[in-house]
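S.K.: First to last, the protein sequences are chains A and B.
For the first sequence, the numbering used here gives the first residue as 23, with consecutive numbering after it.
For the second sequence, the numbering used here gives the first residue as 180, with consecutive numbering after it.
Bear in mind the hints are in silico, worked out from the structure with no lab data behind them.
Here the structure is a predicted model, which is why all the values come from computation and not from measurement.
Take the hints with a grain of salt, since some may be wrong.
Said to hold, decoys possible - Residues of chain A clear of chain B, computed beta-carbon distances all greater than 10 Å:
(1) A127
(2) S151
(3) F156
As the list claims (entries may be wrong) - Pair by pair, the computed Cβ-Cβ distance ranges are:
(4) V177(A) <-> H217(B): 26 to 36 Å
(5) G325(B) <-> G106(A): 51 to 61 Å
(6) S288(B) <-> H180(A): 43 to 53 Å
(7) R190(A) <-> E269(B): 54 to 64 Å
(8) A333(B) <-> L168(A): 13 to 23 Å
We put the beta carbon where it would ideally sit given N, CA and C, even for glycine.
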Amino acid sequence: MADRPSHLRVWDIPTRGAHWAIAVLFAFSWWSAKTNHLPWHRISGDLILGLLIFRLAWGMCGSQTARFSSFVKGPAAVLAYIRGDWTKGPGHNPLGGISVVALLAALTTQVVLGLFSVDEDGLEPGPLSRFVDFDVGRSLAKIHHLMFNVLLALVAIHLFAITIYELRGKRLVRPMLTGETRSEAGLQPPRFAPAWTGWATFAIAASAAWLLAHGLRLWGPV
Amino acid sequence: MALGIGLKSAAITAVLVFGATASLAAGLSAADAIKARHDHFKEMGGAAKMLGDQFKSGAPDAAIIKAQSAKLAQTAATLPTWFPAGTGPESGVKTRALPLIWTDKAGFSAAAKTLAAETAKLNTLAASGDMAGAGAQMQAVGAACGGCHKKYRAPES
């Protein structure tokens, strides 16, 4: 696939998979909270937790375009990008990198708040809520509720920016689906992590999420 | 033990019924009644959470389960007195209590009775030291809470 001369592979399957799975589960979490389906909301949150742990780890040991080191840049690089003098590389540009970090940070905050949140009836509390009392858990649930607005705003900015790029001829949605972008002169192919790294990271992330979702207990009911 | 708690909750009910009537006669505002009601429900939520935490742990603490089950049963027994006329949304005070509570008195009273019965059963099981039985009964208590909330409480906006 990547051998077609006009196409360049930029996103690996784990990065794309994590991205779209989080997007779908984000919408599902929203719906399940709105309609008060708390058991579903909790499962959705547990899955997002696992995907986030995976994505954060993949940002350190994954393929080049997924790594934070390749797109988290200082203000100088961001300003240079905005001015237009930026040496093009595959993957996120320095400005888009800020968006990625903001989205991941906000999502992580939201999931952690959810772990400790308690519902108003005290019947469907988050998996780590046994470490806080009812009142603290309720306050965290209220912050969890407010934090959702921050997430919605970040998602709106994310979608708005993508629309602008697409309208200006820079395709972003297709590469995130297929993994490939149009090759441009001087664009170096990125390095990709081997499959076993992906599976190992996946196993660690899934185990960590499972343990957290079970309230850090190895046995017993959820 | 069960008899003791039965008498105790009957006494509390009597005091609360008397108190509610007397205080409304004395002009207790709807806001005060709604605030007291919210506090009662928060107390029950707190007890439910503490019970859930224990039942989910590998080694439930019987003392906590006994105390919180008794609290839940005693509080639930007084629930019918928390909804005096004029404390619905028409009072202008922020409340998610639906007008149906006052228009469907029979249904609401039956739902309250179910909660009282299920929590009393939980309390009896906990007091007898049957932690597994109490844990299973907690499902019925949760269903009694949820069943009533679905019908008589407006969703969180």
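S.K.: Now tell me if each hint is right for this structure.
M.R.: Hints versus structure:
no., hint, in the structure
1, A127, "holds, 27 Å"
2, S151, "violated, 7 Å"
3, F156, "violated, 4 Å"
4, V177(A) <-> H217(B): 26 to 36 Å, "holds, 34 Å"
5, G325(B) <-> G106(A): 51 to 61 Å, "holds, 58 Å"
6, S288(B) <-> H180(A): 43 to 53 Å, "holds, 51 Å"
7, R190(A) <-> E269(B): 54 to 64 Å, "holds, 56 Å"
8, A333(B) <-> L168(A): 13 to 23 Å, "holds, 20 Å"
Violated hints, in rising order: 2, 3; the structure is consistent with all others.
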